[in-house]
Structures are given as C-alpha cells and as structure tokens.
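S.K.: First to last, the protein sequences are chains A and B.
Heads up: the first sequence begins at 1 in this note's numbering, then just goes up one per residue.
Heads up: the second sequence begins at 1 in this note's numbering, then just goes up one per residue.
Treat the hints with care, as some may be off.
No copy is singled out in the list; a pair is fine if it fits within one copy or between any two copies.
To be verified - In silico DSSO-like links for lysine-lysine, alpha-carbon gap of 30 angstroms or less: (1) Lys36 to Lys458; (2) Lys312 to Lys499; (3) Lys82 to Lys66; (4) Lys172 to Lys13; (5) Lys210 to Lys36.
Simulated from the structure, these hints should not be mistaken for laboratory data.
Below, each chain spelled out in residue letters.
2 protein chains.
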Amino acid sequence: MRKSYVELLERFKEACVLDEVNMFLYWDRDVTMPKKGGKQKAEQVALISKLEHERRIDPRVGVLLKTILTHDEFENLSDLEKRNVFLIQRQYHKIINVPAVFVGEFNKQGVIANEAWEKAKDQSDFSVFQLELEKMVVMNKKYANYLNPDKDPYDVLMDYSEPGMSQEKFEKLVIPLKEVIVSLIKECSQSNYQPKNTILKRKVTLTLQKKINLDILNVIGFDLERGRFDETVHPFTTGSYDDVRITTKYFEENFLSAIMSTMHEAGHGEYEHYAGKNGKYQPVGMWCSDGVHEGSARFYENIIGRSLAFWKYYYPKFKELTDDIFTNVSLEDFVAVINKTEPSAIRVDADELTYDLHIILRFELERDLINGRIEVKDLPSIWKEKMKTLLGYDVKNDAEGVLQDIHWSDGLMGYFPTYTLGNIYGAQIFSKLKEDIPDWEKEIEVGNLQKVLNWFRKNVHEEGNAQDSYDLVEKITGEKVSSKYLADYLSNKYTNLYKLN
Amino acid sequence: MRKSYVELLERFKEACVLDEVNMFLYWDRDVTMPKKGGKQKAEQVALISKLEHERRIDPRVGVLLKTILTHDEFENLSDLEKRNVFLIQRQYHKIINVPAVFVGEFNKQGVIANEAWEKAKDQSDFSVFQLELEKMVVMNKKYANYLNPDKDPYDVLMDYSEPGMSQEKFEKLVIPLKEVIVSLIKECSQSNYQPKNTILKRKVTLTLQKKINLDILNVIGFDLERGRFDETVHPFTTGSYDDVRITTKYFEENFLSAIMSTMHEAGHGEYEHYAGKNGKYQPVGMWCSDGVHEGSARFYENIIGRSLAFWKYYYPKFKELTDDIFTNVSLEDFVAVINKTEPSAIRVDADELTYDLHIILRFELERDLINGRIEVKDLPSIWKEKMKTLLGYDVKNDAEGVLQDIHWSDGLMGYFPTYTLGNIYGAQIFSKLKEDIPDWEKEIEVGNLQKVLNWFRKNVHEEGNAQDSYDLVEKITGEKVSSKYLADYLSNKYTNLYKLN
C-alpha cells in the first residue's frame, strides 16, 4: 500500500544527499580548497547540482505523486507523511521547468563569480566584480522566468527562499516597522546618554578571540562532535544533522564582530542539528524557510547574545579570558556599547536597530535590478545614495559598500528579506517564550541557557518543516505574523538602553 | 563526424568529476570530518560512487563505442584519441556486470569498516575489526565475480589495479627478487659495519618536523597553490590536476617516518599534477596504473629521498632546522642509518631492502583470503608466523601487525603488489635516467633536483595513460619489464652502505 510513498521518499533522500555533498563542496571552497582549485571545484558543483535537480524533476516523481494522490494510499498516511507528499509536490511543480543543465551552469557561475567577488573586495574595486555580477543577474532573471513566467520575477525569487512571500507582503510588514525604527534612531541619537564607543576598539588578540568564541559555543551547547568551527572571509553555516559546520571571522580591533557572527551561525547550526526530528532526509525533517533559519540565527545572536541577562552571566568569564583589557569597564557600559546604535557601513556588524534598514536597502536594490529599473554598473553609486538617505551614512569605498556581502556572488537574490523576516518571527516567538518561561532572564543570568534554548529547539528547530513559516509562528504564538512584536521589542530595548524615558 | 567521440568523452568527464568528488569525500573523512559525521559521509560516498558507476556502465556508452568502432569515425581519430576509445571500451567491458547498487554498498561498507579499523588499531585489538573485514572480503570476492566469473578471483582483483597483472606474472618477477633480497639481508646483518640506530630515535618536536616537511615539499617543487598538505592517521594522496592533497603523519621519536611519507606522497601528488598533459578528464590524461603510481611515489621516497646525493645537499639545512640535535652526526652516518636494513614491523617505515618482503607477505595473505584458503579470524596469528618466517621478526601486537595498514578497511585488495611493481618499474626507469643524465648526482648535490624530477615528470607523469605500464616502461627504457634492475640497484646500494666488498 505504501510502495509509492516509500519510493518517493527514497528518491527525495538521494536529492538531499546530493545537496549535502554540494553544500560541502562550497564549504571546501571557502575553508580548505587550495588557491588554484576553483575551476575544478566549479565543475564539481555544476555536476552535482545538475544531478540533484534532475532527481527533483524526474518524471517518475510526477508519476509517484499522482499515484499516491489518486489512490487510497494518501488517506492512510499520517499527517507528517501527508505533509511530506505536499512539500515534494509543491517543490516539483515549482521547479519542473528549470532545466538541469541551467542549474549546473548557474552553480558553476556562482563559484566563478565568487572568486571575482573575493578579489574585488580585496581591492575594493567593484569593476573587478561587475561583469560576473551582471551574468548572475541575468541568470537570476532566467531562473525566475523558469520558475514562474507569469509572476513578477522578484516575487518569484522571494517565494523561493520564503514560501508564500512577496514584495507586497514584505512591504506590509516593513513599512510600519521602518517608521518605528527611524524615529527610534533619531531619539537615541538625541539622547544625553551615549555608550562609550571606544571600548569596542580595544585590541583583543586572535588567539584570545578564538578561545572566547569556542567557549561561547560550549556555553550555547553547540555539539562540536557533530560539527566544526572554522574561520572564513564571510561567516556561514553548512551541513545538516550530524555534520554541521559553522564559521566566523576575527578582527583584532573589533572583537564583537566574531562573537556576534559565531552566535549567529550557532543559531543556524543548531537548527540543522535538531531539524531532523520528524525524519532525517525527509521534507518535514528539514528547515522550514530561510526566514525561520535567519530567525533562529538572529535569536541566538541578538535576543540572547546582546541581552543584559547573558552578559550578567558571561561578562566575568569574558573579562577573565581577555586578561586585563576590560577590567575598568562596567557591565552596564559593556552591554550598552555592544548594543550602541549608530549608522554604520557593514550589515553583519550593524546594531539591532539599524540592521533592518540595511536589509530594506538590499531589498529595494535587488527588486530594481531584477526588474531592470537599475543597472549593475550603477550599483556602487546607488548604494552610496541609499546609505545616505536611509541611514545618513557616507560610504567610503566599494569594500564597505556594495561589495561587503557574499550573497549576490553566490547567486542568492531574494534572500536578503529573510533576515528581517527572521527578526520579525524571532521577536514574536520570543514574546511567547517570555510567557512560558517568565524567569528566563534569571535562568540565563546563572548560566542556565539550556532552559531557554531547549524551549526554542523544541518549538522551532524540532518542528522542522511540519508547516510553513507563517503557520509555525501562529502555532507557537497563537497570533498571525506581525511586525509589531519586533517594533515593541526594539522600542523597549532602546528606550531602556538610551534612558529615553 | 566526431559526434559520438565527443559525447563519449563528455560522459567520461562526468564520471571523472564524480570520482573527484568521491575522493574528496574520503579526504574529508580523514582530515576534516567531525567525529560523529561518519554515517552521513557513508551515505554520500555510497550515492556518489553508485552514480559514477552508473555513468561508466550506461548502455549509451556501449552504443557510442559501437558507433565509433564500426564507422569511419575511428580511423579519423588521432592515436591518443584512439587510446581514449580503447581505454573506455576496456573499462566498460570489465565493469559492465557490476551492479551500481553493489558499488554503492561496497563503498559504504568501506567507510564503516574504516571506522572499525581505526578503533581496532587504537586498541590494538583485531577482534574489533574482524566482522567488518569479513564483510569486506566477501564483498571483494563478489566484486571479482562480477568483474569476471571465469578467472581466479585474486587475479581479477590484481588486474583491476594493474591492467594485465596476474599471480603468475607477479611471482615471475618476485621469486628471483626475493632470493637476492634474502641473501643481501643476511650479508648485511653479518657485516662488521652497522649504522648507528639510535640516531633515528632522537626527539624532533612536531613543530620542527612540520617545518622540515614543508620545506622538503618546496625543495621538490610540489605546488601548494595546486594542493594541500595535512596530517592524518595514515598518509595518503587524493585529488587530481589543480587540486591534489597529500598527507603525512608525525612521530616525535621517529622523524624519518614523516619525511619518507611526505616524499612518498609527493611522488603520488606530482603524478596527479602532471598526468593531465594529454587531456584533462580524458583516459589518456590520467594515471597509467597503480603500479606506476607507486613507482612514482617510491622513486621520490627512496631513489631520491634516501640517496646520498640528496642528503649531501639537504643535510646542512636539516641540521640547521633541527637546532643542535644532529650536530655531532656525520653525513655518512646519517645516510647509513636512514638506509639501515633490519627486520621491522611496519611496512611504511621499512627500509628499501626488507620492504618488498612486507609486500610479498600481504600478497600471499590476500591471495589466500580471496581464495578461501585462510579465514579472517586467523589473520593475526598467520601474520605473526609469516613475519617470523619471512623477516625473522616477532610481531608484538595487532597494531604493529595485521592492523597497521588502511587498505583492507577501505576495500582495497589486490592493490599491495603494486608497491613492489612500483619498485621494479622505478629501478628500471632509474637505470635509464642515469644514462640520460650521467651527472644526476652532482645536480642533486647542489640542490638542482629539478633536472632529475623534470626528466621523471616528462617521461612518466606527463605520459598519463598513453600506454599500459609494461609498455610505458619498455618505451622509456627500451627493455621489457624485469626485476633485475631492482635487484641490481639494491645490491649496489647495500654493498656500498654495508661495505660488503
């Protein structure tokens, strides 16, 4: 009776394993590949991604789906099994018209463009990257057209990262949010109280930083027997289940950057560690959406990692590990400064308040690039303009401007909005967590992070893809997704930090 | 006109890229994989090797071969192109009856057996490995039966590593060689001159050793922009062309081990760096046979690495890099001791004279295992007996006995003879090199290794698989393969070293 279902899942597993292999080839590219290995790596990535895609759109999948859905077999499946069938079907119909050869070419171009991007970033010269990015934009448009020729191409790309998402839906969330943020930024900048910025620039050697970041991973409980921790140009997470690899990046005169990146990636990594509860290599045993993935990452990074409670626990240890560098800095000053809000160039180093403006900027640029309203060659200047208008920041050069992020070089467009979606989901889920664990701060203050993190693992990670992101948030919180929780969270946090009342 | 040929080569390239990916998954297993990642890695290796095999035996390959061979197309191909067709055809007919599912299972079992082997070796307890090795032997028999049910299964496995090889052919080479070796060992042991063994046990810190080994790679000219150098439990080489990765293993109280392993693997690695000259991802642009691969490795390790000429050049630098540890050791004593012959437990650390006896032992055991004349459970005791008879050595435990090598755990049987074949080929090729470069020793003594190595790269590496091993040796040397060159090389070397005349 379950024969077709079993075969469908076996085929899905093969595609998953190929995806694992592919992600791992990217990991190698960024962590262990020799300098001149890029061309061969591109061949490998192209082939594996082509084979993966061939499996996903194999006509046999269509036959199996039809057999399952038109016979009694479907009715006898459990709810999770039905969800598996639904998710495979949704994906199948979404990608059926994307040629496997194109997927191979797309991924190959990603490896080539990434090499050009690294070089351009090193030299802070956008022109080194321009041509490859132009190709990437053309390929993204083509991709969107294959996925759905009848819809706005940027909506198609957004939906690919976050099922159900669109420009309209995203704008509905961020327009009111932006208003709150802009007014909060203004109030903070006018406050008499300003955190002592210079603390952040105190030099912490790389050796010390490595020790601290590893220690923080232990405090979080990130299992290094089921993963790795390395250093790369751009922090990222890859892998799944029992082999999840995260990376970070150290700067001697900005210790905060690595800590926040490490916690961010640990949030991604733990999602991958726990998402298999409903069944490894099954759709329901994978992450729900990129937005929820970022939600997990930014929950670990910000809601936990920048909280007073966490640093009440960890600051003494941090002081000890950094020798005498911070002896004269009070806990209050330290927490204030790691949350200090100010217009700045780099998204990954931005404070929680300005962060979403960086995303809105990227959202607008991607949307206009894909819809042909702006051209790649004008990106550096448009970037500068927008940074000035949105954040009041003067971008000095391409490296701290348009070249700062890896995403476009990898072919990721329509992904950036998921960071803000993650913040929105995270804040809403956090409001429920506080109800369920009213003494959450006290638990963290005494070093018992596990009570809070276990709640998050159980309610978010272990749910895998049992439902879509909006339904997950509603299931957890009992409310429809809304950006008001994030607005409230930021208002409360920054009102306190900047003593606005 | 060339349509079928082009398609055939395109298909071959896909199989090559899959093989690269697979080799790389093994590299990860041994170098970078987290502790608990083995199960997932096994899934990956199983799938990729299955897909590779499916490609190699795809009926379309048969159709293309037939089309090429029965039409004018073949006649219009160049000699190298004809060789490509021949090699693909030979492989196709060899492996056509091996089911892809079996190849997947075989490789999966390799990952699992390897984990058991590592554990068994750590605990020096063969029983921890026995069950997995039994499975591996059964699978090897099955493999041989799929490849050719009409031939002696061990001959089939030998032919798989070394096209054309058989027990009879191998014995014809090694029986006279063994006689020479056994009598030389006896003479050396009775000589009044004996190298000072204790020098080898002087402690060299791992930090110093790493520096020295990296420096030796530079002296050889191994291009680290097209490769990597890491540390593993068992030294190995993987990858091809512009991404070749070699590993070594350090022992604080045996500095020689790492140096010899590094040079050995560099010999493998350079073969992969240069083999693509006739065409990357084409049969003619790959290694010729495992025997020639080992020939290259053992040429670098022994003929160069243990030569007086090399150490005349390198010993002053070595002394400098090791601080004061060897100041009172003369060059002559040093070279004598790194060539000292004595019965010892570990194959990879064996001197050149006793080395082939270690291989003959493994050859006999594999042959008898595959043909059911002995059982896996009896291996530890038979190993001990044979070590006593052949080498007069008393094996103390399983770790220094039957568990020392990785090969069987990876499913490699029929491979060991290629080491001795490599020694035989290497010595014969070296005799020609000395004719072509009469002042080879002087060149090396002044640090110009490149003259000798370039000769080897051009005559061996760059030939790729333009002909089979026996033909390659004959092409280079003008003589049929014979073990007399190795016998002469060893006689000369050890007569000098032990002052036998």
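S.K.: Confirm or reject each hint.
M.R.: Hints and how they fare:
1. In this homomeric assembly, Lys36 and Lys458 come within 30 angstroms of each other (Cα to Cα) only across copies, at 22 angstroms, whereas the closest approach inside a single copy is 44 angstroms.
2. In this homomeric assembly, Lys312 and Lys499 come within 30 angstroms of each other (Cα to Cα) only inside a single copy, at 19 angstroms, whereas the closest approach across copies is 76 angstroms.
3. For the identical chains of this complex, Lys82 and Lys66 are intra-copy neighbours only, at 13 angstroms inside a copy versus 48 angstroms across copies, given an alpha-carbon limit of 30 angstroms.
4. Taking the shortest Cα distances, Lys172 and Lys13 never come within 30 angstroms of each other, neither inside one copy (37 angstroms) nor across copies (50 angstroms).
5. In this assembly of identical chains, the alpha carbons of Lys210 and Lys36 lie at most 30 angstroms apart whether taken from the same copy (28 angstroms) or from different copies (23 angstroms).
The structure is inconsistent with hint 4 alone, although it conforms to all the rest.
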